[in-house]
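Number of protein chains: 2
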Amino acid sequence: MKALKERILRDGKCFPGGVLKVDSFINHQMDASLMRSMAVEFVRRFASARINKIITVEASGIAPAIMVGNLLELPVVFAKKKKTSTMENMLCTTIHSFTKGKDYTVCVSSEYLGPEDKVLFIDDFLANGNAALGILDLVQQAGASLEGMGFLIEKAFQKGGDKLREQGIHVESLAIVDSLDDCTIRLRD
Amino acid sequence: MKALKERILRDGKCFPGGVLKVDSFINHQMDASLMRSMAVEFVRRFASARINKIITVEASGIAPAIMVGNLLELPVVFAKKKKTSTMENMLCTTIHSFTKGKDYTVCVSSEYLGPEDKVLFIDDFLANGNAALGILDLVQQAGASLEGMGFLIEKAFQKGGDKLREQGIHVESLAIVDSLDDCTIRLRD
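Line by line, the protein sequences give chains A and B.
Heads up: the first sequence begins at 1 in our numbering, then just goes up one per residue.
Heads up: the second sequence begins at 1 in our numbering, then just goes up one per residue.
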């Protein structure tokens with residue numbers, strides 16, 4: 001997606017260790033108009049999918065997910081990173097974060113994810129794919145079906161996209177970073 | 001706001017200790033269409049305010065905030081609940097959560113909140129007002145000005161609204177809960 005790629009090249013910042021910082025327009029300060037354009041692009045790319053629910057993970061996934069849900073008039077469920085005291089009947093899974101060097105648990109209530117659900121997962125980043133595989137686990141635990149996964153930015157060199165596509169999952173990424181070597185952002189055409 | 005009040009009475013659940021659970025349409029599963037209607041209502045109520053940025057706190061504030069940002073074509077900054085390794089120049093404040101019985105730190109980068117900013121704070125709940133006062137502290141640290149605070153639901157019996165209004169802050173709540181006594185939801189007309 002042209003507008004996103006141009007923005008990444010203009011405002012994205014690269015740090016050693018394969019870190020791409022897009023804090024100025026995606027995951028700390030958010031460009032709401034760009035967010036809407038990206039949501040429109042997801043709607044286009046998943047036009048042939050039969051979806052009745054959007055799922056995401058707090059916190060950075062919520063903005064793109066609610067924009068897609070708004071366009072499609074579908075409910076949006078966000079998996080929570082901790083089990084909260086007022087939540088019952090939770091489906092949980094453990095995800096290892098390479099970025100943060102630790103495991104965390106994400107949970108979704110079985111009240112809001114069940115066998116009748118055909119879900120589209122939306123998130124900001126696809127890197128090694130651990131968060132996405134965690135969501136797939138939750139979807140499977142719930143007996144729901146996963147219709148697709150949409151990411152704003154995929155870091156192709158971290159191989160998460162390969163893992164997901166090998167499983168036959170319909171993956172769409174609006175910008176694909178092929179390399180951050182030498183702190184230069186190289187995007188796929 | 002009529003649609004929200006009707007929805008709270010229909011789908012909200014009351015728990016002992018003044019807990020109102022709106023997990024089915026606001027802060028776990030989100031009704032994206034209702035979220036948009038609520039954002040439109042915020043735009044209407046803050047029509048006379050001069051705003052150049054929306055601010056919120058992760059995670060439940062992000063959805064209403066991005067919807068407002070989208071309508072007003074303004075950037076949306078969400079304060080983060082932990083200092084992350086890739087963030088520099090952080091402004092931080094400590095907030096006490098009565099619900100969770102502990103303190104937490106929220107931070108915003110000074111890159112995205114500064115003296116030129118006239119901000120509208122959007123969040124899902126206003127209870128004792130500690131989160132809102134924490135944001136006010138961040139806004140003041142940044143030298144920015146606070147133009148208003150909008151909440152989806154205000155629990156009036158927890159007095160946060162009083163504290164904010166006493167300081168002269170323009171507070172708008174789309175639904176005001178006067179009491180949850182005897183686990184009955186009583187909304188203000």
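Everything labelled a hint here was simulated from the structure, so no lab data went into it.
Worth double-checking, as some hints may not be accurate.
Straight-line C-alpha distance at most 25 angstroms; calculated PhoX-like pairs for lysine-lysine [unchecked claim]:
#1 A/K13 to B/K81
#2 A/K82 to B/K102
#3 B/K81 to A/K82
#4 B/K102 to B/K13
#5 B/K82 to A/K13
It should be emphasised that the depicted structure is a prediction, and the values quoted were computed from it without experimental measurement.
Enumerate the violated hints, using their earlier numbering and listing them in ascending order.
-> Result: no hint breaks.
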